[in-house]
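Participant: Spelled out, the chains give:
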Amino acid sequence: AQSVTQLGSHVSVSEGALVLLRCNYSSSVPPYLFWYVQYPNQGLQLLLKYTSAATLVKGINGFEAEFKKSETSFHLTKPSAHMSDAAEYFCAVTSYNNNDMRFGAGTRLTVKP
Amino acid sequence: SQTIHQWPATLVQPVGSPLSLECTVEGTSNPNLYWYRQAAGRGLQLLFYSVGIGQISSEVPQNLSASRPQDRQFILSSKKLLLSDSGFYLCAWSGTSHRSDTQYFGPGTRLTVL
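Chains A and B, in that order, give the protein sequences.
Here the first sequence is numbered in this note's numbering, starting from 1 and rising by one per residue.
Here the second sequence is numbered in this note's numbering, starting from 1 and rising by one per residue.
Hints were generated in silico from the structure; no laboratory data involved.
Keep in mind that the hints are not guaranteed to be accurate.
Some, not all, of what chain B presents toward chain A, calculated at C-beta under 7 angstroms [said to hold, decoys possible]:
id, residue
1, G43
2, L44
3, L46
4, Y49
5, G87
6, L90
7, S100
8, T102
9, Q103
10, F105
11, P107
12, G108
Capping the alpha-carbon separation at 25 angstroms, the derived lysine to any residue pairs in SDA-like fashion look like this [claimed, not checked]:
id, chain 1, residue 1, chain 2, residue 2
13, A, K58, B, S1
14, A, K112, B, G43
15, A, K49, B, Q45
16, A, K69, B, T102
17, A, K68, B, T102
18, A, K69, B, D101
19, A, K58, B, S100
20, A, K49, B, G43
21, A, K69, B, S100
22, A, K49, B, E59
23, A, K49, B, K79
24, A, K49, B, R37
25, B, K79, B, A40
26, A, K49, B, N30
From the three backbone atoms N, C-alpha and C, an ideal C-beta is built for every residue, glycine too.
Okay, chain A solo, but in the shape it has when bound (with noise of 0.2 angstroms):
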């Protein structure tokens, strides 16, 4: 079975700090792995995905992820943070013989002025 583990349910940086959301996976066949974000009421937003290409993956809002098959890693980063980042971050995992996708806990984003 695939999962994903979101280390940290709270982050806390200042505005214009460098923002790091860990994400571990597991999975026993080559995965895609998403970032979602999710705004206090609102449903989710894709940030980015990694689906076998390129290992750095670029998003929107200025994120970005790097997969890394030998730590099972898919962490989210952004240079400087703003406030309007503030929100919920989700990973999740999925493969080419699954219908459905597995999503962590969730990290709470918060953006200090």
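Using the hints provided, position chain B relative to the given structure of chain A.
Facilitator: Then chain B, alone, in the frame of chain A:
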């Protein structure tokens, strides 16, 4: 372009009452459809998914059920709600051409069971 709708946006129901949440997708044909529940402070739990009309797969045994009466309509139901059914319910759709297809989420329904 494709859009996904959910209604109602919020709902407050007493324990033991029935439930019907509706999700519709526009601008695509034969999508995969999904129902998730998000409890307070927790991640997303997949409840049901459907790859076609009348085809429903259940992930978690519970007092909820799902139906897909039309290609782009997905309904979540319950005959008798429990307190533990409270949460944020999200519907999503994806294409069927490849497993790497993105899931696109609706705005959600906030359900409070009292």
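Participant: I'd like to know which numbered hints this structure contradicts. Please list them from smallest to largest.
Facilitator: 5, 23
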